[in-house]
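Protein chains: 2
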Amino acid sequence: MTTTNLENLQFRLAARPVGMVKDSDWQKVSEPLRELAEGEVQIKTQYLSLDPAMRGWMNDAKSYIRPVAIGEVMRAGGIGEVVASKSPKFAVGDIVSGGLGVQTHWTGAADDKSAALYKVDTRLAPATTWLNTLGMPGMTAYFGLLESGQPKAGETVVVSGAAGAVGQTVGQVAKQLGCRVVGIAGGKAKCDFVVNELGFDACIDYKEGSVRDGLKEHCPKGVDVYFDNVGGEILDTVLTRINMKARIVICGAISQYNNTTAVKGPANYLSLLVNRARMEGIVVFDYADRYHLGVAALAGWLKEGKIKSKEDVVDGIENFPQALNMLFDGKNFGKLVLKVA
Amino acid sequence: MTTTNLENLQFRLAARPVGMVKDSDWQKVSEPLRELAEGEVQIKTQYLSLDPAMRGWMNDAKSYIRPVAIGEVMRAGGIGEVVASKSPKFAVGDIVSGGLGVQTHWTGAADDKSAALYKVDTRLAPATTWLNTLGMPGMTAYFGLLESGQPKAGETVVVSGAAGAVGQTVGQVAKQLGCRVVGIAGGKAKCDFVVNELGFDACIDYKEGSVRDGLKEHCPKGVDVYFDNVGGEILDTVLTRINMKARIVICGAISQYNNTTAVKGPANYLSLLVNRARMEGIVVFDYADRYHLGVAALAGWLKEGKIKSKEDVVDGIENFPQALNMLFDGKNFGKLVLKVA
Chain A
1 MTTTNLENLQ
11 FRLAARPVGM
21 VKDSDWQKVS
31 EPLRELAEGE
41 VQIKTQYLSL
51 DPAMRGWMND
61 AKSYIRPVAI
71 GEVMRAGGIG
81 EVVASKSPKF
91 AVGDIVSGGL
101 GVQTHWTGAA
111 DDKSAALYKV
121 DTRLAPATTW
131 LNTLGMPGMT
141 AYFGLLESGQ
151 PKAGETVVVS
161 GAAGAVGQTV
171 GQVAKQLGCR
181 VVGIAGGKAK
191 CDFVVNELGF
201 DACIDYKEGS
211 VRDGLKEHCP
221 KGVDVYFDNV
231 GGEILDTVLT
241 RINMKARIVI
251 CGAISQYNNT
261 TAVKGPANYL
271 SLLVNRARME
281 GIVVFDYADR
291 YHLGVAALAG
301 WLKEGKIKSK
311 EDVVDGIENF
321 PQALNMLFDG
331 KNFGKLVLKV
341 A
Chain B
1 MTTTNLENLQ
11 FRLAARPVGM
21 VKDSDWQKVS
31 EPLRELAEGE
41 VQIKTQYLSL
51 DPAMRGWMND
61 AKSYIRPVAI
71 GEVMRAGGIG
81 EVVASKSPKF
91 AVGDIVSGGL
101 GVQTHWTGAA
111 DDKSAALYKV
121 DTRLAPATTW
131 LNTLGMPGMT
141 AYFGLLESGQ
151 PKAGETVVVS
161 GAAGAVGQTV
171 GQVAKQLGCR
181 VVGIAGGKAK
191 CDFVVNELGF
201 DACIDYKEGS
211 VRDGLKEHCP
221 KGVDVYFDNV
231 GGEILDTVLT
241 RINMKARIVI
251 CGAISQYNNT
261 TAVKGPANYL
271 SLLVNRARME
281 GIVVFDYADR
291 YHLGVAALAG
301 WLKEGKIKSK
311 EDVVDGIENF
321 PQALNMLFDG
331 KNFGKLVLKV
341 A
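The listed protein sequences derive, respectively, from chains A and B. Reading the first sequence from the start, the letters are residues 1 to 341 in full-length UniProt numbering. Reading the second sequence from the start, the letters are residues 1 to 341 in full-length UniProt numbering.
Derived from the structure by calculation, the hints contain no laboratory data. Careful, some of the hints might be misleading.
Same chains, same names: a pair is fine if it fits in one copy or spans any two.
Under the rule of at most 30 angstroms between Cα atoms (straight-line distance), these lysine-lysine pairs were calculated in the DSBU-like manner [to be verified]:
1. K89 / K264
2. K113 / K221
3. K62 / K216
4. K62 / K221
5. K339 / K264
6. K62 / K207
7. K221 / K119
8. K306 / K86
9. K175 / K245
10. K188 / K86
11. K113 / K331
12. K303 / K245
13. K245 / K113
14. K22 / K44
15. K62 / K152
16. K310 / K62
17. K216 / K119
18. K245 / K331
19. K306 / K113
20. K339 / K245
21. K152 / K339
22. K221 / K89
23. K22 / K306
24. K152 / K44
25. K207 / K28
26. K62 / K303
Please read these numbers as outputs of a predicted model, since none were measured by experiment.
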């Protein structure tokens, strides 16, 4: 086996944030790399995935996954290179994806359940794409849209956070299925990108003018599927424009994650009754046994140039705290990735 | 043909109510009965169905049915006897159910679409049961529970408005399907009735103690199906206790119908995400082509004594305004029916 003589630089959760995450909520720790035990591997992190869901993991609340403990390395998905191995499962030089955490090196059992490591083929797509379209955001988009949204050709699909990690793939997949696709995003640059580069039919800039007017203009036949990444006022507005038997996919509520007061419930939820519509929550892990099918479909479309994978790469693990907050300020443009090595 | 020499006494909508309906929102009108044209029938109203949905029909808002116009006879379902007929469809003496409106006599085409008249067999069940378990509330309960709630034997079903028209049948049908059934109702008398007479496993009195504690006590394995007739705080509380893949059926929101401020949206709706659960709106008219199947199933259980139909009958059409408001004060005990003749 080979070892490196580097330290492992980590960001650990120092305090449970109230509202937006502050620098003091993090503890930066450097510790020596340890020797491997039998069955273990050591991975040098290349890229980390920064996701809105991470904010939820920092709260001490019952959710679909246990909270990160105080003092624990912050949970994060990532991609890295195997630099040492005492397991037949991975060889030095393999590129693997999994729950590496916010640290420069991950060391542990090759079959660790919470890391859930798997090899990726960077000849098929670059590493950052494996954290985006071919990673959790892509799987969330693909299975959430198909299984819960159930769009049919000719229907109108609206997606919020349209330039973000999940939204970009939701809209592009819906276009492949023959839907009219309208995005909602913040700012002219994102909206132009979504229409001109990703091929959405239209994009509503929620920072400029009214979402209600935008929906009236761009969804003249109403909304059949709404894929919601943001919650709050935008969800409430879309509820007023849904069609009979509409499907609302609740994927996230980024507008509400840093609330210090109660989450704003959708006051227009009785539109579900009037329209015999449904609202359903999805979590990507439920589709784990079929990820390979999602990867195959999305990789095929990527290869054919039918869809694109757009990442926003921030360089340097030391910038992790500021980079994470970009998500909640809407500053990232595409899937946010932190380059570590 | 036979005619009566009576006047037709009607309640017409005089003004759109703000908040609770006031007496001045109604206009009581008496007009002479008219002669029938070819194809028409005249029906003498026996009983009228008073339903929470009627409050919504009085608002000038887009909904699943057009609002009642100012000056129009208030819409209501009812049962009556054919007292005159120039149609081969109905004979004098037939008992029919349909949209008779709040009036002593309905006169119109036998095939009028909005009245949607159909003969009922009062040997099978009394007239009031045809407005309850075998009428719209029963159909709402039966199809809403089965189609949207999809309860399985052994699951826990919670229903609010448990002693009301829809709730009583939801719970009893769920018991027939082998579910654990917990009602939510206001007051000890209703709760006792629901448990002792209707056979629910438990009933939580929302006027006495905390619904949250009641759910913890009576739903130790969580909530798989919640059939919501009330909305508001109770919906929000149940959302904190749902299981993975739970189904919430949105049938109504009686707590919100007289709001003068915005409807309270369910602040805990992100529980849908955590639990991959869904919330779906239902409207009974969607099942119209299968009402006969619902009637057959429910009439069978009624005949075998396996379920009961509980009505609260108020006497006299002149008491219509006060009787309607009983629904929103929670004063009715069972399906509210107005006896007209």
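Against the structure, the hints come out as follows:
With identical chains, the CA atoms of K89 and K264 are never at most 30 angstroms apart, being 47 angstroms at best within one copy and 53 angstroms at best between copies. Taking the shortest Cα distances, K113 and K221 sit within 30 angstroms of each other only across copies (27 angstroms), while inside one copy they are farther apart (46 angstroms). When the C-alpha separation of K62 and K216 is checked against a cutoff of 30 angstroms, the pair qualifies only between copies, where the shortest distance is 16 angstroms, while the shortest distance within a copy is 38 angstroms. In this assembly of identical chains, the alpha carbons of K62 and K221 lie at most 30 angstroms apart only when taken from different copies (16 angstroms versus 39 angstroms within one copy).
Proximity of K339 and K264 under a CA criterion of 30 angstroms is satisfied in neither setting, with 35 angstroms inside one chain copy and 43 angstroms between copies. Within a single copy, K62 and K207 get their C-alpha atoms only as close as 33 angstroms, which misses the 30 angstroms cut-off; across copies the closest is 28 angstroms, which meets it. In this assembly of identical chains, K221 and K119 lie within 30 angstroms of each other by CA distance neither inside one copy nor across copies; the values are 44 angstroms within and 39 angstroms between. With identical chains, the CA atoms of K306 and K86 are never at most 30 angstroms apart, being 41 angstroms at best within one copy and 66 angstroms at best between copies.
Taking the closest pair of Cα atoms, K175 and K245 come within 30 angstroms of each other both inside a single copy (20 angstroms) and across two copies (29 angstroms). Taking identical chains as interchangeable, the C-alpha atoms of K188 and K86 are never at most 30 angstroms apart, the minima being 51 angstroms within one chain and 67 angstroms between chains. When the C-alpha separation of K113 and K331 is checked against a cutoff of 30 angstroms, the pair qualifies neither within a copy, at 33 angstroms, nor between copies, at 56 angstroms. Within a single copy, K303 and K245 get their C-alpha atoms no closer than 35 angstroms, and across copies no closer than 36 angstroms, so neither meets the 30 angstroms cut-off.
For the identical chains of this complex, K245 and K113 are inter-copy neighbours only, at 23 angstroms across copies versus 39 angstroms inside a copy, given an alpha-carbon limit of 30 angstroms. Taking the closest pair of Cα atoms, K22 and K44 come within 30 angstroms of each other only inside a single copy of the chain (27 angstroms); across copies the shortest separation is 72 angstroms, beyond that limit. Taking the closest pair of Cα atoms, K62 and K152 come within 30 angstroms of each other only across two copies (26 angstroms); inside a single copy the shortest separation is 35 angstroms, beyond that limit. In this homomeric assembly, K310 and K62 never come within 30 angstroms of each other (Cα to Cα): the closest approach is 32 angstroms inside a single copy and 40 angstroms across copies.
For the identical chains of this complex, K216 and K119 are neighbours neither inside a copy (46 angstroms) nor across copies (44 angstroms), given an alpha-carbon limit of 30 angstroms. For the homomeric pair K245 and K331, neither the shortest alpha-carbon distance inside one copy (35 angstroms) nor that between copies (34 angstroms) is at most 30 angstroms. Proximity of K306 to K113 under the C-alpha cut-off of 30 angstroms is found in neither arrangement, the shortest distances being 35 angstroms within a copy and 50 angstroms between copies. For a Cα distance limit of 30 angstroms, the shortest separation of K339 from K245 qualifies neither inside one copy, at 43 angstroms, nor across copies, at 37 angstroms.
Taking CA atoms no more than 30 angstroms apart as the test, K152 paired with K339 passes in neither setting, with 38 angstroms inside one copy and 49 angstroms between copies. Proximity of K221 and K89 under a CA criterion of 30 angstroms is satisfied in neither setting, with 53 angstroms inside one chain copy and 40 angstroms between copies. In this assembly of identical chains, the alpha carbons of K22 and K306 never lie at most 30 angstroms apart, being 40 angstroms within a copy and 61 angstroms across copies at closest. Taking the shortest Cα distances, K152 and K44 never come within 30 angstroms of each other, neither inside one copy (43 angstroms) nor across copies (49 angstroms).
For a Cα distance limit of 30 angstroms, the shortest separation of K207 from K28 qualifies neither inside one copy, at 35 angstroms, nor across copies, at 51 angstroms. In the homo-oligomer, the alpha carbons of K62 and K303 never lie at most 30 angstroms apart, since the shortest distance is 40 angstroms inside one protomer and 46 angstroms across protomers.
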